[in-house]
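Engineer: If you want the building blocks of each chain, they are given just below.
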Amino acid sequence: MIGQVFSDPSGWYKSTRQRFWRMAPTDPKSVRLTHNRIYILPTSRGWAFAFTLVLMLLTSMNYGLSLGYAMTFLLGGLMHAGMLHTYRNLSRLVVDAAISGENEPAAFCGEHLVFQVSLRNLATWGRHGVKLAAAGGFVENIDIPAEGTKVVELRVATKRRGRLALGRLTLDTTYPLGLWRAWAYVHFPLHGLVYPQPETNPPQPPAIGAGEGANGEGSGDDELSGLRTYQPGDPLPRVAWKTAARGLGLFTKEFEGSAGADLRVSWWDLPPAMQVEERLSRMTAWVVLAAQRGQQFVLYLPGATLAAGRGEAQRGKALAMLALHDLGE
Amino acid sequence: MKRKSTSDPGPPLPGPHLVWLAAAIGCAQLPLLTHLPAWVGITGFSLLALRIMLEHRRSPSLPAWTLLLACIAAGIAVRLQYGYLIGREPCVALLFLLVSMKLVEAKSSRDGTSLLCLSAFLTVTQFFYGQSVVSALAAMPAVLTITAAFIVIQHPAESPIWRDAFPRAARMLLQGIPLAFVFFLLFPRISGPLWGVPTDNSGRTGLSDTMEPGWIREVSLSDDVAFRVDFEGDPPPYGFRYWRGPVLSQLDGNVWRSAPVGPRNQPPLPAQGRHVAYTVILEPNNQRYFLALDLPSTTPDDAYVTPAFELKSRTAITRQVRYRQESVLMARHGAVGPGFFDKRLPQTRNPRTRAWSRELRERYPDDQAFTQAVMQNFAREKFVYSLQGTVLGDDTVDEFLFDTKTGFCEHFASAFVYVLRAAGIPARVVTGYLGGEMNTVGGLSYMIVRQSDAHAWAEAWIGGGWQRFDPTSMVAPARLERGLGAALREGEGVPFFARLEASWWRDLRLNLDAVNYGWQRWVVGYNNERQRALWSDAGLGDASVWKLILVLTGSVVAAAGLIALLVLYRRVRVDPVLAAWNKLGARLARAGLPRRPNEGPLAYCTRAAQRWPRHAATLDAAAHAYCVLRYGRVMRSEDDAWSALRRALSSLPRSRRLRREAAHS
Numbered sequence: 001m002i003g004q005v006f007s008d009p010s011g012w013y014k015s016t017r018q019r020f021w022r023m024a025p026t027d028p029k030s031v032r033l034t035h036n037r038i039y040i041l042p043t044s045r046g047w048a049f050a051f052t053l054v055l056m057l058l059t060s061m062n063y064g065l066s067l068g069y070a071m072t073f074l075l076g077g078l079m080h081a082g083m084l085h086t087y088r089n090l091s092r093l094v095v096d097a098a099i100s101g102e103n104e105p106a107a108f109c110g111e112h113l114v115f116q117v118s119l120r121n122l123a124t125w126g127r128h129g130v131k132l133a134a135a136g137g138f139v140e141n142i143d144i145p146a147e148g149t150k151v152v153e154l155r156v157a158t159k160r161r162g163r164l165a166l167g168r169l170t171l172d173t174t175y176p177l178g179l180w181r182a183w184a185y186v187h188f189p190l191h192g193l194v195y196p197q198p199e200t201n202p203p204q205p206p207a208i209g210a211g212e213g214a215n216g217e218g219s220g221d222d223e224l225s226g227l228r229t230y231q232p233g234d235p236l237p238r239v240a241w242k243t244a245a246r247g248l249g250l251f252t253k254e255f256e257g258s259a260g261a262d263l264r265v266s267w268w269d270l271p272p273a274m275q276v277e278e279r280l281s282r283m284t285a286w287v288v289l290a291a292q293r294g295q296q297f298v299l300y301l302p303g304a305t306l307a308a309g310r311g312e313a314q315r316g317k318a319l320a321m322l323a324l325h326d327l328g329e
Numbered sequence: 001m002k003r004k005s006t007s008d009p010g011p012p013l014p015g016p017h018l019v020w021l022a023a024a025i026g027c028a029q030l031p032l033l034t035h036l037p038a039w040v041g042i043t044g045f046s047l048l049a050l051r052i053m054l055e056h057r058r059s060p061s062l063p064a065w066t067l068l069l070a071c072i073a074a075g076i077a078v079r080l081q082y083g084y085l086i087g088r089e090p091c092v093a094l095l096f097l098l099v100s101m102k103l104v105e106a107k108s109s110r111d112g113t114s115l116l117c118l119s120a121f122l123t124v125t126q127f128f129y130g131q132s133v134v135s136a137l138a139a140m141p142a143v144l145t146i147t148a149a150f151i152v153i154q155h156p157a158e159s160p161i162w163r164d165a166f167p168r169a170a171r172m173l174l175q176g177i178p179l180a181f182v183f184f185l186l187f188p189r190i191s192g193p194l195w196g197v198p199t200d201n202s203g204r205t206g207l208s209d210t211m212e213p214g215w216i217r218e219v220s221l222s223d224d225v226a227f228r229v230d231f232e233g234d235p236p237p238y239g240f241r242y243w244r245g246p247v248l249s250q251l252d253g254n255v256w257r258s259a260p261v262g263p264r265n266q267p268p269l270p271a272q273g274r275h276v277a278y279t280v281i282l283e284p285n286n287q288r289y290f291l292a293l294d295l296p297s298t299t300p301d302d303a304y305v306t307p308a309f310e311l312k313s314r315t316a317i318t319r320q321v322r323y324r325q326e327s328v329l330m331a332r333h334g335a336v337g338p339g340f341f342d343k344r345l346p347q348t349r350n351p352r353t354r355a356w357s358r359e360l361r362e363r364y365p366d367d368q369a370f371t372q373a374v375m376q377n378f379a380r381e382k383f384v385y386s387l388q389g390t391v392l393g394d395d396t397v398d399e400f401l402f403d404t405k406t407g408f409c410e411h412f413a414s415a416f417v418y419v420l421r422a423a424g425i426p427a428r429v430v431t432g433y434l435g436g437e438m439n440t441v442g443g444l445s446y447m448i449v450r451q452s453d454a455h456a457w458a459e460a461w462i463g464g465g466w467q468r469f470d471p472t473s474m475v476a477p478a479r480l481e482r483g484l485g486a487a488l489r490e491g492e493g494v495p496f497f498a499r500l501e502a503s504w505w506r507d508l509r510l511n512l513d514a515v516n517y518g519w520q521r522w523v524v525g526y527n528n529e530r531q532r533a534l535w536s537d538a539g540l541g542d543a544s545v546w547k548l549i550l551v552l553t554g555s556v557v558a559a560a561g562l563i564a565l566l567v568l569y570r571r572v573r574v575d576p577v578l579a580a581w582n583k584l585g586a587r588l589a590r591a592g593l594p595r596r597p598n599e600g601p602l603a604y605c606t607r608a609a610q611r612w613p614r615h616a617a618t619l620d621a622a623a624h625a626y627c628v629l630r631y632g633r634v635m636r637s638e639d640d641a642w643s644a645l646r647r648a649l650s651s652l653p654r655s656r657r658l659r660r661e662a663a664h665s
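Chains A and B are the protein sequences, given in the same order. Anchor point for the first sequence: position 107 equals 107 in our numbering, and the numbering is continuous, going up by one each time. Anchor point for the second sequence: position 473 equals 473 in our numbering, and the numbering is continuous, going up by one each time.
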């Protein structure tokens, strides 16, 4: 440890920095707060109180007030007891991350990502007024009963689509007297996914049938991938009438990726003048709409395609693709 | 964490918090009420009530300029009341008012902080006026409420913390006591003030170096304790309890003053005679006089003896002083002869007295005989000893000797001295206390001397020595024997403690005084001397500074550690079932399969059984046994379940082997 200072100063600096400030997300999913993580310092109120004690002491000294000394020292002892109580309020608290399972939380940009953090109190005393804070949000006045557990929903504000790291958590408390603030850093490798903000009042998404009718067969960006035997229920515009006219029987046209989709959410369906984020925003709105209506949809993005599907899983995949588009992840 | 900028006043103060703050301030102010002018107290408490009322009606708080005006007005009013502003008592009064005003304008959490700190300081200021047991007890509600308010303003109003704020505060204060005790005992005390203590003009009742007509009478109407005495051996009999104070030889109109003498010319102290040794605990009197039995034979530290055998302090006595003193009981001494002022008599007043004195002197040319004749005159002419002295004109002695013939000790003493000086015999007035009451409550034995024991007598230079004469004794011999209450006629307004009749109330008060005496001795009187005595008792009398610092630090660390242990170390009550279950969980966790926080015991063991199929039965048995023990209601099966759980725990291999098995499979 000491030797490292000389042999590997930068490594020593990094490890010390990590140990003191927990800048990197290296904590396991469950962290027990102990004295090597808990810091404690007087609050501004604590400094003011200490200053008052000094004044009281000087007054007692000057006027030889024995009871003044006694009172000053009693309040000094109170401050010391307060320090222990504040420390005790965090000590041996267990912080667990991601209690809701392995899924990472997700939210649309501008909404809050909700991370669940559980605070387990193994001690026989209750914890009060704990504050859990991350860079984007905080929860105050958390009370955890003796030998109890409290699941805290930490709502973190989002400003940009993409993957959002929860970052370093700070647990702090000034309970009971407010003269001391004890705090501890915990840095879990937790992430949330921020979807693009859906456009409000988007135009209707182009239905595949409508697109076909307007632009004619084979137009658009979809490549005709092949024909398959007609099955009852296939939309009539998809029927390969030319083939039927040649007397080869009824076939249904299959397009690349859009097999069986009611809806095509495509980057290339949008006016060329639209900016990237606007496009993503509109596409997000369409995906949401499609999922609401229970429609099957396909998603085309430059460099990525999502095959037709419906339901929550499809929605999630699509939104994740939109969220991470072109972010190099 | 973002740090709060210093200009951020913090969150606003909601109404319930304000009520707590007002309570804390009120508790801090309450003990001061008896010491401050009534209007200060009324104004302070009205302001508190005003703020609570405004809050209750949800009225907007007062504009800042009204408060500025109020502050200025308070300053002016205090200045008018006391006649000066830079002094201890006006400052306390001003602080009292300002704290209340601060509450009226309090808006933010930071205001709450400053209010609580000010209240804490205000609680100390009451000790300026007295440090009795009662004062200490009176400070307790304030300390408790301030602590509780610190807790409460930390939390929103609906927090469960509010319900038990007081028990919490009390517990934490108790936990503060060991450290406070160590500091109280060992924190180095200093002997003098750090900065000049301005003497407050507001006089305490007590002796001084001037005696105006009617002044001693005023003093003796007070029941206040002047000093307490602890005798080494038996106390002297009543008639010898002359406590010598200021000696007044300079007559200035009708006012007696002490002759101006400095600390030079220390007279030789008496060596022979009946020695008495005792310790005096002198209450502060804002004067420079120590008191000692007539005649002092030692001098306390920081004091000197004047040629008139007064014990004078080098500084005004503004705090309680404790000194050991020795005296030689003697009514006659001749070490220092009469000075200039002891003979001087203004020739303008009291013509009848001077004429009478000359006439008497012709009959008694011998000093001793003349003096005895003057003394006898008081008895023969039926003088009356009474507190009801009439207001006298310019020729006070004439009126007293020939018209009213009614007076108090000061009248007798000054008339006596006047007559003697008119006949050419040097004489002077001695003021002090006569008497003292023994308190033997609770195995203690000490003397209480009250202001009501204040007395004036005379000394005359006869035959080469100063001889004590107490003219009062000619009129009211009982004053010498049994105190003021015995000497006065029925119906006189005798101060309570000078009365003779016993009552339960008087007993109670004596009991209280005994408690106070111990308190004064051990708590209030704990100063640098006693601290040094304690150190030398502990064998540290001549220890180096470093050793003392080491002892102090060691004791503080020990006390702090004790409390830390008390607060932080809690033996967790171990439930054997939970312990066994945790042991199992820990073993599996070490083997690489920690329990998820949201996972129930059955699910966890199922998951474990999947990883270690060989132990599936054991794990299943353990989970079911645990469930029965924790959640089951079937009492009969509990014993079975307990043994099943323990069996499962013992048959399950160690974590290292489990990990190996998991790796193999």
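Please keep in mind that the hints were generated in silico from the structure rather than gathered at the bench. Only a predicted model underlies this, so the values are computations on that prediction, with no experimental measurement involved. Take these hints with a grain of salt, some might be off.
[Said to hold, decoys possible] Restricting the straight-line Cα-Cα distance to at most 30 Å, the calculated cross-link-like pairs of lysine-lysine (BS3-like) are: (1) A:14 to A:131; (2) B:583 to A:150; (3) A:131 to B:107; (4) B:343 to B:405; (5) A:242 to A:159; (6) A:29 to B:343; (7) A:29 to A:131.
Engineer: Confirm or reject each hint.
Structural biologist: Evaluated hints:
For a cut-off of 30 Å, the pair hint linking residue 14 of chain A to residue 131 of chain A stands: about 28 Å separates their Cα positions. The suggested pairing of residue 583 of chain B with residue 150 of chain A holds, with an alpha-carbon distance near 23 Å, which does not exceed 30 Å. The hinted pair formed by residue 131 of chain A and residue 107 of chain B meets the criterion: a straight-line CA distance of about 24 Å does not exceed 30 Å. Taking the CA atoms of residue 343 of chain B and residue 405 of chain B, the gap is about 25 Å. The hint holds against a cut of 30 Å.
Straight-line distance between C-alpha atoms of residue 242 of chain A and residue 159 of chain A comes to about 51 Å, which puts the hinted pair past the 30 Å bound. For the hint linking residue 29 of chain A to residue 343 of chain B, the alpha-carbon distance of about 100 Å lies beyond 30 Å, and the restraint is violated. The hinted pair formed by residue 29 of chain A and residue 131 of chain A meets the criterion: a straight-line CA distance of about 19 Å does not exceed 30 Å.
Hints 5 and 6 from the earlier list are contradicted by this structure; the remaining hints agree with it.
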